[in-house]
Amino acid sequence: MLVERMRPFTSTIFTEISRLAAETGAINLGQGFPDTDGPASLLVDAAANITEYGRNQYPPGPGVPALREAVAEHQRRFHGLTVDPADVVITTGATEAISATLLGLCGPGDEVVTFEPTYDSYAAATALAGATLRTVPLRAPDFTFDDDELAAAFSGRTKVVLVNTPHNPTGAVFTREQLLRIGELAVAHDAVIVTDEVYEHMTFDGAEHVPMASLPGLADRTLTISSAGKTFSVTGWKVGWVHGPPHLVEAPRAVKQFLTFHGGAPLQPAVANALALPDSFYETVTADLTRKRDLLSAGLRAAGFDVLTPRGTYFVVADPRPLGHDDGVELAWKLPELCGVAAVPVSVFCSSESGAAATRPLVRFAFCKRDDVLREATERLAGLRA
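Here the sequence shown stands for residues 1 to 386, numbered as in the working numbering.
Hints are computed from structural coordinates only; laboratory data are not their basis.
You may find that some hints are simply not true.
[As the list claims (entries may be wrong)] Result set (EDC-like, lysine to aspartate or glutamate): computed pairs, CA atoms no more than 16 Å apart in a straight line:
1. K159 with D190
2. K238 with D37
3. K292 with D372
4. K159 with D110
Whole structure, please, built from the sequences with the hints as guidance.
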C-alpha cells in the first residue's frame, strides 16, 4: 500500500549493513557514528537537566532560547555571520531540518538540484515533497563537478539547490570558487540555497569550510543546516538546527511542528553550553580525525585499495579494483565474511543510472572510531590481499 514515490526508500543501506555487521561480528565501518561519547561537560549537563532541573517537558516550539542564541553566536564566532536567534529553529537532527525545509518549500512540479553521490535522505525528502531531484555528478578522484553539467541541471522549475559541504559520502570540501558558481546559478534561476553543513568542523590539510550564507549576495536566499551530532559525537541525540532570513525560515518552522512537534528538552541546553567550548576543543576534533583518517587510509592502501583521500567529514572512499573487485555493492555484502569489516557501497548514494555506474566499484569506510578499533580493522583488511 506504500505510495509509489516512496517505494525506493523502504530501507537504508546503513540499516542493512549494520545488521549484517552485527550478525557476523564484523567491525562496522559502514555507518557513520563514533564509538566514544562526547565531551564530559556535555554529558554531565544533560544528566543534570534530566535529574536535577526537571527539563523533561516540551521545550518552546522553535527551540530553547539558550540554544538558539548559542547557534547564532557560533555562526558569528566561526563564520562571521550575523544571525538573529529569532531566525533559528531547533530540529530533531539535521535530517528533520532537511525534510522540513524541502516539505515547506517544494511541491509537485518543483525541482531540487543537488550533487551525486548524495546523502540518501535528500532523495527521500524530495520525494516526500512530491518534487523532482536533479543531480550533478561529482567525479572521482577529486569529486569535483563540471560547470556545464551544473548549469544544465538548473531550469525554470528549479526551486532549491541543496549543497552538502563538507560532502558525505565523498569527503570533498567545495571551494569558494565552486560555491560562488552555484550561487550565481541560484540567483539567475531565483532558487533557494539549502546547505547541509553538519561536518563544518571536520576539514583537513588546510581545506576551508565556507558557508554559502557568508558569500556576497547569498545570505538572503540561503537556509543553513547543521547539528550537534557529528561535532560532539552524540549522533543519537538528534539535535539540529536551521537558520536563515525570516521569509525562508518560516518554511521549516511551520512544517517541523507537525513532524516531531518539539523534543530534546534536556539536551538542548547542554548543546548550547557545548557550542561555547574553547577553540582547543574544536582543534582537537580536527587533529584526532586527521590522525584517524591517515591510520585507516594507510591500512586500506596496505590491503591493496586505491584510496581517494578526503578533505573533510569522517569518511574515506576506496577503490577495490586493484584487488580484483569491480562491484562495490557485491563487495560490501561480502566484506564481513571475507575479512570481518563492514563498509557501504558508494553507488547506493546515487539516484541516476549514470551516477550509479560511475561509482559502482567504490566503497566508503567511516574512520570516526577508536584507534584500537581502526588498527584491528586494518589488520583484518590486510587479509584481502591474500
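Structure versus earlier hints, numbers of those that do not hold, lowest first: Checked against the structure, no hint fails, so every one of them is satisfied.
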